[in-house]
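Build out the structure end to end from the sequences listed, making use of the hints.
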Amino acid sequence: MSSPQIPATSEPLHLHVPEPSARPGQATDFSYLKLSPAGAVDKPPVDVSASQTAPLTGQLIRVLDDNGDAVGPWAADIDDAVLLRAMHAMLKTRAYDARMLIAQRQKKTSFYIQCLGEEAIAVGQTLALRDDDMQFPTYRQQGILVTKEVSLVDMICQVLSNAADPLKGRQLPIMYSYKDYGFFSISGNLTTQYIQAVGWAMASAIKGDTRIATAWVGDGATAEGDFHAALTFAHVYRAPVVLNVVNNQWAISTFQAIAGGENTTFAARGVGYGIPSLRVDGNDLLAVYAASRWAAERARSNLGPTLIEWVTYRAGPHSTSDDPSKYRPADDAQHFPLGDPIDRLKQHLIKRGLWSEQQHDEVRTELDAEVLRALKEAETHGLLGSDNRPGAALMFEDVYKDMPEHLRRQRQQLGV
Amino acid sequence: MSGIEQNNTGGTPMTMIQALRSAMDVMLERDDNVVVFGQDVGYFGGVFRCTDGLQTKYGKQRVFDAPISENGIAGAAIGMAAYGLRPVAEIQFADYIYPAYDQIVSEAARMRYRSGGSFTSSLVFRTPCGGGIYGGQTHSQSPEAIFAHATGLRTVMPSNPYDAKGLLIASIENDDPVIFLEPKRLYNGPFDGHHDRPVTAWSKYPNNRVPEGYYNVPLDKAAIAREGKALTIITYGTTVWVAKAAAEDAGIDAEVIDLRSLWPLDLDAIVNSVKKTGRCIVLHEATRTCGFGAELVALVQEHCFYHLQAPVERVTGWDTPYPHAQEWDYFPGPSRVIDAMQRVLED
Ligand SMILES: Cc1ncc(C[n+]2csc(CCOP(=O)(O)OP(=O)(O)O)c2C)c(N)n1
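Chain order of the listed sequences is A and B.
Per my numbering, the first sequence starts with residue 1, numbered consecutively.
Per my numbering, the second sequence starts with residue 417, numbered consecutively.
Calculated from the structure, these hints are not laboratory results.
There could be a bad hint or two in this list.
Straight-line distance between alpha carbons at most 30 Å, and here's what the computed DSS-like set of lysine-lysine pairs gives [unchecked claim]:
hint	chain 1	residue 1	chain 2	residue 2
1	A	K148	A	K179
2	A	K148	A	K43
3	A	K148	A	K351
4	B	K637	A	K207
5	B	K620	B	K637
6	A	K179	B	K476
7	A	K207	B	K473
8	A	K351	A	K326
9	A	K401	B	K620
So, partial list: chain B residues that the calculated Cβ filter (under 10 Å) puts toward chain A [unchecked claim]:
hint	residue
10	Q477
11	G491
12	R526
13	N590
14	D669
15	P680
16	A685
C-beta atoms are modelled at their ideal positions from N, C-alpha and C, and glycine is treated no differently.
If you want it as structure tokens, here you go:
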């Protein structure tokens with residue numbers, strides 16, 4: 001017999017399956033983003049406790065206002081040179097993506113992933129770090145490499161899987177690895193690198209080093225178990241790591257609500273783990289730089305990890321294998337209330353007298369030419385599927401440090 | 417000759433637990449980059465005492481407790497190895513290694529390959545495996561086949577204290593990721609499958625001496641645990657002792673190969689023995705279908721076909737989850753090995 005307080009009958013249960021507010025042909029209602037005006041959110045001291053950051057995780061740290069002015073407590077001093085470098089790197093990243101997209105359409109390679117609309121995040125954070133820190137990126141942080149001025153020819157050779165590919169043709173395009181540039185080897189398996197970044201940071205602490213790590217994950221991939229492990233370990237050991245969540249609203253075709261973003265924020269998760277957490281306008285280079293510097297300072301001062309949710313929008317298709325017009329409004333990116341990171345920085349730089357429309361166009365043209373030159377040079381080392389590709393014998397190397405007997409036999413069997 | 421039989425003089429009597437602890441002690445002392453961590457590994461010294469006293473000796477920066485998160489332990493270890501440390505991470509039971517499987521197989525095993533050699537995963541995952549202890553479904557498993565199948569890993573399993581220490585030191589020093597499986601039934605003494613007889617402690621066993629200091633037992637080298645001419649038994653871990661007991665019980669002159677390194681393995685040792693005997697049995701606790709034994713049978717067939725006088729037999733755990741009450745019906749004990757030997761010799 002159930003208790004008399006519990007009604008004998010009730011409405012049938014039903015499963016809640018979140019949906020985005022708009023599908024193709026409709027208009028997204030972006031009010032779910034809960035934006036704050038530029039300058040409205042506090043800047044706590046770096047030794048803040050996690051719980052003190054709780055209110056911040058429901059707000060949005062923004063520096064650039066609609067007029068392109070830098071306002072509020074996060075409008076820290078940034079050298080003009082840093083801002084100009086950021087603009088240059090963002091433009092170059094965009095030019096690189098555009099050119100690689102064409103190269104994929106021309107079948108010079110099998111696959112590509114752009115970061116259109118998300119350039120400010122990787123670029124801004126990289127400028128706030130030291131060269132010898134280690135970043136654990138996903139496939140959408142090519143801006144790190146561009147900011148660090150890694151050779152475009154080298155990167156393109158990886159994309160083309162040609163004879164000069166630094167990864168010897170073994171990896172899918174864009175799964176770069178640049179140890180000397182503090183860019184960890186990208187894996188196809190989502191979120192695995194998130195906990196690895198924490199381990200790297202723990203190692204740095206164990207050795208009494210001063211280097212820190214940054215971890216990167218998308219909104220969708222926060223649902224993986226490794227995200228939970230990473231936050232737990234980062235908190236338990238006060239690991240010197242910046243835990244980035246790039247919330248671009250989409251994971252392939254799934255809206256961020258399916259990853260658990262409905263009526264909450266990804267930043268809010270950090271607080272539950274005891275990690276000071278921020279929610280930041282990812283299309284505002286000045287906010288990205290300021291928040292990244294704050295988090296890096298916390299890490300480098302033995303204050304432990306910081307989680308940062310970057311609110312942005314995946315303006316392009318997920319990858320060259322994806323067609324977003326099948327699951328979201330075609331003009332969604334144009335209506336995204338945080339705009340475009342390059343346009344917004346441009347407006348600010350012009351206001352500061354550091355930049356002009358003419359310079360912008362000139363630099364863009366130069367960068368397009370530079371990327372094209374790099375592509376042409378990379379192509380001299382071959383294209384995917386050409387004879388000018390990494391030798392088959394390379395397939396058997398680096399599985400182990402020294403090639404074991406069975407791989408030697410298999411290599412001989414292949415006759416290479 | 418297996419290490420233990422070569423080294424029955426000198427050294428100190430040790431259990432397998434003490435030998436493993438000694439290996440970590442030696443390596444923590446020799447190499448500042450070695451760190452040891454896992455669940456209950458630090459202050460408490462491990463649920464099997466394998467890390468007893470190490471935290472007191474080396475401090476919490478080198479030996480520490482971890483949250484109950486196998487994917488976390490594995491992922492953190494991989495990050496540490498990418499930095500340049502040599503983590504020795506413990507997974508409390510091999511039965512609980514599956515949450516770490518993605519990290520081990522997708523990440524550690526492929527790190528060197530996918531990064532063109534720039535990032536490496538020089539680390540060891542130690543984990544107690546195997547049955548014979550009434551451990552039921554989740555304290556008895558032998559998951560070696562799933563690791564042997566993953567390219568880029570080394571899978572190692574000792575059968576005695578001397579090898580346990582030497583192989584663990586070699587594994588820690590090795591630059592590839594190593595899955596180090598420790599048969600927990602052998603932690604305190606050898607076990608030959610005669611569960612109805614009193615257990616022998618390693619201290620009662622004549623060949624239990626282990627050098628105090630540094631030495632290693634090379635990876636990829638098998639040991640002949642028993643020399644013989646009639647047939648070859650290829651095995652590893654607890655069933656090395658089962659195979660030897662079966663040979664003695666039945667008075668059959670079996671040669672018992674203790675693989676020690678499962679993969680990459682010592683093919684020469686297998687081929688030389690089977691060519692000599694012409695008959696072969698593979699023996700393991702793990703379930704049969706797609707077990708590691710299948711690979712061993714295939715290798716013997718490929719390399720010794722014209723020397724074989726009988727089909728190669730497999731004596732293994734049944735294709736069931738590891739049961740509790742039916743432990744001794746499941747465990748491949750001496751009588752099942754004897755039956756197989758008799759069948760192989762009849763042909
Ligand atoms: C473990 C795993 N599951 C699934 C996939 C397939 N996959 C690749 S990218 C992706 C979406 C990731 O979305 P998100 O984390 O939001 O990052 P974004 O692509 O938006 O940058 C999926 C499901 C994968 N690579 N790894």
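Hints and how they fare:
1. A:K148 <-> A:K179: holds, 12 Å
2. A:K148 <-> A:K43: Given pair K148 (chain A), K43 (chain A) holds - Cα atoms ~28 Å apart, limit 30 Å.
3. A:K148 <-> A:K351: Satisfied, since the Cα-Cα distance of roughly 27 Å is no more than 30 Å.
4. B:K637 <-> A:K207: Roughly 34 Å between the alpha carbons, so the hint for K637 (chain B) and K207 (chain A) is violated.
5. B:K620 <-> B:K637: holds, 27 Å
6. A:K179 <-> B:K476: Holds: K179 (chain A) and K476 (chain B) sit about 29 Å apart, inside 30 Å.
7. A:K207 <-> B:K473: Cα-Cα ~17 Å, so holds.
8. A:K351 <-> A:K326: violated, 39 Å
9. A:K401 <-> B:K620: violated, 41 Å
10. Q477: holds, 5 Å
11. G491: holds, 3 Å
12. R526: holds, 8 Å
13. N590: Nearest chain A Cβ about 8 Å off; hint holds.
14. D669: Violated - the Cβ of D669 (chain B) stays beyond 10 Å from chain A, reaching only about 29 Å at its closest.
15. P680: holds, 4 Å
16. A685: At 12 Å from the nearest chain A Cβ, A685 (chain B) fails the 10 Å test, so the hint is violated.
Of the numbered hints given earlier, the model fails hints 4, 8, 9, 14, 16; all others are met.
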